[in-house]
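The listed protein sequences derive, respectively, from chains A and B.
Terminal number for the first sequence in the working numbering: 188, no gaps in between.
Terminal number for the second sequence in the working numbering: 824, no gaps in between.
Please note that the accuracy of each hint is not assured.
Claimed, not checked - With a straight-line Cα cutoff of 25 Å, these simulated SDA-like cross-link-like pairs (lysine to any residue) come out:
hint	chain 1	residue 1	chain 2	residue 2
1	B	K50	A	G82
2	A	K131	B	T404
3	B	K540	A	K141
4	A	K141	B	D469
5	B	K608	B	D469
Hints were generated in silico from the structure; no laboratory data involved.
It should be emphasised that the depicted structure is a prediction, and the values quoted were computed from it without experimental measurement.
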Amino acid sequence: MSISRRTFLKVLGSGVTAAGLTEVICKRSSWAATIPPAKIKDAGITHSICPFCGVGCGLVAHTKGGKLVNVEGDPDHPINQGSLCSKGQAVMEVVTSPRRLKKVRYRAPHSDKWEEKDLDWAINILAQRVKATRDASFLAKSPAGMTVNRTEALASIGGAALNNEECYLIAKLTRALGIVYLEHQARL
Amino acid sequence: MASLGPTFGRGAMTNHWNDLANSDCLMIIGCNPAENHPISFKWITAAQEKGAKLIVVDPRFTRSASKADLYVRLRPGTDIALMGGLINYVLKNNLFHQDYVANYTNAAFLVNKDFAFSEGLFSGYQKEKRAYNAATWDYEIDKEGKPVTDPTLSNPRGVFQLMKAHYARYTPEMVAAITGVPEDVFLKMAALYGATGRPGRSGSILYAMGGTQHSTGVQIIRSYSILQMLLGNMGMAGGGINALRGENNVQGSTDMALLFHLVPGYLAAPNEAAHPTLKDYLDKETPKASFWMNKPKFFVSLLKAYWGDAAKKENDFAYDYLPKAGKGFQGAGYSWIPLFEAMGAGAIKGMLVWGMNPAVGSANLNQTYSALDKLQWLAVFDLWETDTSVFWKRPGASPRDIKTEVFLFPAVDSLEKEGSASNSGRWIQWRYQAVKPHGDARSDLWYANRLGLELKKLYQADANAVFPDPIVNLHWNYGADPDVHLVAREINGYTVVDKKQVLNFLGLKDDGSTACGCWIYSGFYPGPDKKDNKAAARDKKDPSGLGLYPGWAFAWPVNRRIIYNRCSADPQGQPWNTKKALVRWDPLAKAWKNSDVADFKWIDPATKVHVPPEESAKAPFLMLPEGKSRFFVPKGLCKDGPFPEHYEALECPFNNPMSAQQSNPAVRIWKSSLDKLAQVSDPRFPIIATTFRLTEHWQAGAMTRNLTWQAELMPEMFVEISPTLARAKGIKPGDWVRVKSIRGEVLARANVTHRVAPFCCGAKGSQNTAEMVALPWHFGFAGYITGGSDGRQNYAANQLAPQIGDANTMIPEYKVFLVNVEKV
């Protein structure tokens with residue numbers, strides 16, 4: 001009996017052992033029922049771009065019932081044509097990892113531990129800290145009398161891992177606050 | 001990018017990933033795409049399959065090197081000497097592309113008669129300031145104020161002859177003495193890459209941090225650029241100078257100006273000395289020639305995007321709201337190194353950290369930690385508990401002694417939010433949201449938006465608030481749960497009165513009638529609907545067959561895939577290579593036939609008449625006032641010289657064979673007690689060290705040291721040691737060793753390998769040999785894996801690296817420093 005490559009791969013993919021081969025390679029209908037449906041069958045498809053290096057490979061994310069079930073290279077993408085590197089293939093775990101943060105963590109001065117905090121509380125306190133630091137350090141005029149409207153006591157760093165729209169808002173907000181210590185990964 | 005801007009006009013990868021397949025010869029130098037940009041190697045392989053040659057220059061024999069036709073082992077930090085040798089070879093042997101050089105570069109320009117170079121220094125050096133007065137670094141100007149030129153290129157005061165004389169010193173013997181590259185290997189390389197100077201051939205140079213992370217980083221990239229100009233490789237399909245960006249959106253974050261010296265779209269951030277008023281800013285920043293003549297339109301539209309109705313003609317469009325930079329910490333500006341030095345001195349009180357991990361990624365980490373200890377508060381937005389967020393419990397620290405209040409906000413991954421990211425080739429690509437975030441996790445868009453809303457509330461409510469106007473009046477209407485499309489449309493730009501999207505930046509005005517968040521992105525979202533979002537475009541057609549994919553995503557500017565593409569054709573508009581034609585003038589039809597969006601004035605927008613090729617041949621680099629790419633960079637735009645000159649790294653086991661000037665005379669030496677430097681040929685630290693990246697890990701490691709697969713693939717910190725060094729030190733493969741610099745130390749497992757080897761350098765008869773070790777820099781002290789099993793250890797390689805910045809960019813010298821190695 002001849003085995004087409006496709007049939008062979010399908011059989012291997014189903015996990016059937018070599019001993020069982022002769023029994024299942026008959027007609028498609030006789031073994032198809034024994035193969036569990038592919039995890040991406042009937043899954044929703046979302047296109048994205050890999051979060052790691054600057055190549056910008058396309059990703060296809062498969063979701064079922066609001067859960068991520070698979071991520072793979074986008075076969076239509078002109079750059080990666082479906083392939084991904086070691087990091088790109090691990091993207092799914094970035095989403096599903098139990099190590100991902102789910103709550104705000106707060107460390108009080110001199111404390112040796114984290115405390116979990118409410119999101120609204122934390123963002124409210126942070127806004128107060130930003131305002132207090134800015135207002136205490138704000139320089140409206142230079143010693144020569146020029147309008148400078150800046151603070152040199154606040155800094156903001158990072159952004160190369162974010163989306164453009166996020167970077168844009170951070171630049172807009174920090175400049176509005178008078179921040180001049182504004183830097184990120186492009187400097188390193 | 002600080003080299004490409006002054007040389008060509010824009011600081012960006014000139015070509016793009018698919019285009020690598022069009023090359024006849026690729027030079028990989030200062031990067032390692034097979035391991036660090038793995039998928040890009042698909043297109044390098046495609047070029048090789050069509051007959052292209054691959055040259056890999058690297059101090060380490062990498063996986064990229066394993067695929068090369070020629071591998072060149074270069075002592076780290078000596079790129080300028082190697083390039084200088086190639087430039088000299090190409091000039092001496094007439095391999096350069098004569099028509100290209102004569103027409104498209106500033107080779108014919110005469111230089112100010114007082115400009116000089118001797119003993120390793122250019123004219124105007126001020127020793128006490130460690131800086132140049134660049135007054136003589138300029139063109140000779142005629143009575144009408146125009147540069148004087150000599151099209152024969154024979155005038156000894158012309159750029160071409162000055163360059164020839166400068167690089168005549170870089171003989172093959174000198175190259176060998178400095179770089180450690182044997183003469184025969186150098187000559188092979190020169191013949192191979194020099195062949196791309198033939199009209200119609202294209203050679204591509206690929207680089208990354210191996211080129212930039214040096215005290216001479218900008219001039220290293222300048223030296224690559226000079227070679228590319230000489231060989232006529234700029235603007236060609238399969239050519240260009242290609243900076244391989246290491247993060248998925250570091251191009252976009254730079255475009256959006258998360259850098260102290262810029263505001264979005266590569267406009268200078270105003271400073272108090274030069275730009276006290278809007279008029280000063282526009283007068284001084286707007287050149288009298290080049291496309292930058294439009295700068296007032298872009299800048300005023302940015303102010304309108306920031307402050308909306310509060311930006312009026314009467315108040316100079318709220319120009320006062322933008323902070324004006326001073327001189328920065330100790331006069332050194334506000335870039336990364338002075339930022340951490342200022343923090344170390346207690347001047348910075350609070351810091352926001354967005355998806356970044358300086359506790360591993362910064363140089364001279366012991367200085368970084370000491371600086372973080374001095375903050376009053378720190379807010380970190382990240383997916384994980386990063387090393388930075390737990391700096392207060394790092395190995396050796398006592399939390400009780402550290403006062404810093406720390407907030408760690410749970411952020412979301414790119415699959416859990418929507419938005420665009422710009423890859424290395426300037427393609428702006430859209431990401432859709434696949435799943436909802438976990439728990440309280442929110443996007444950085446949400447955090448920035450919410451922080452803005454909270455601050456607006458606080459400033460509105462406080463009658464005693466200090467200058468609340470820029471915050472209260474900030475145009476910030478994205479909703480409580482921000483709509484990313486609203487932000488994207490603001491970045492694209494719109495007319496204020498009817499909120500209609502502009503088609504591209506030609507629609508922007510300087511009278512306050514348009515708003516635009518980042519002019520170079522204008523055109524990526526030219527209509528009101530989601531279907532107008534060109535970042536999401538997925539047309540797979542490639543009509544030219546050159547891999548331009550004009551209907552896939554959107555490349556800034558104006559969907560141009562290969563910048564400076566006028567240079568792909570001769571002055572008469574005929575492609576140097578008809579098989580790789582990007583633009584072509586049809587003399588019968590009197591029309592341009594373009595495969596790519598033309599990067600020159602090809603059509604009169606009013607009459608729609610096509611502009612004859614002779615016109616654009618005069619200024620093929622339209623972002624520069626002289627319209628020509630620059631062998632000689634005038635006016636101190638590069639602070640350490642108009643031509644690249646070889647200097648040694650600050651920490652180095654060799655004297656500079658080229659001149660008495662040992663290291664870059666224009667870099668700043670920091671003097672804090674934590675900024676120690678080893679001496680030249682320091683007997684305590686006789687070994688060169690360099691840092692590198694692994695395929696399995698990414699950057700400062702927070703993303704990959706928390707993933708189980710990556711942790712299993714590459715679990716431990718190691719150091720690559722040559723078999724000769726291992727023998728000399730009695731180190732066996734797998735032994736734990738201590739690598740020490742004058743600033744710190746790190747434990748690593750010995751990986752004894754021929755990937756690294758000693759360098760034999762120095763003039764003939766007085767050569768010395770120095771060993772080199774190489775360390776991956778992804779490891780640290782937090783996360784699922786840290787790099788070793790001892791919880792009291794910090795496995796971050798950057799504890800060793802010095803905080804010495806390039807003279808222009810202040811990028812630290814991670815790639816060369818001195819260490820010693822001992823068995824634990």
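For each hint given before, does the structure comply? Return the numbers of the non-compliant ones in rising order. 3, 5
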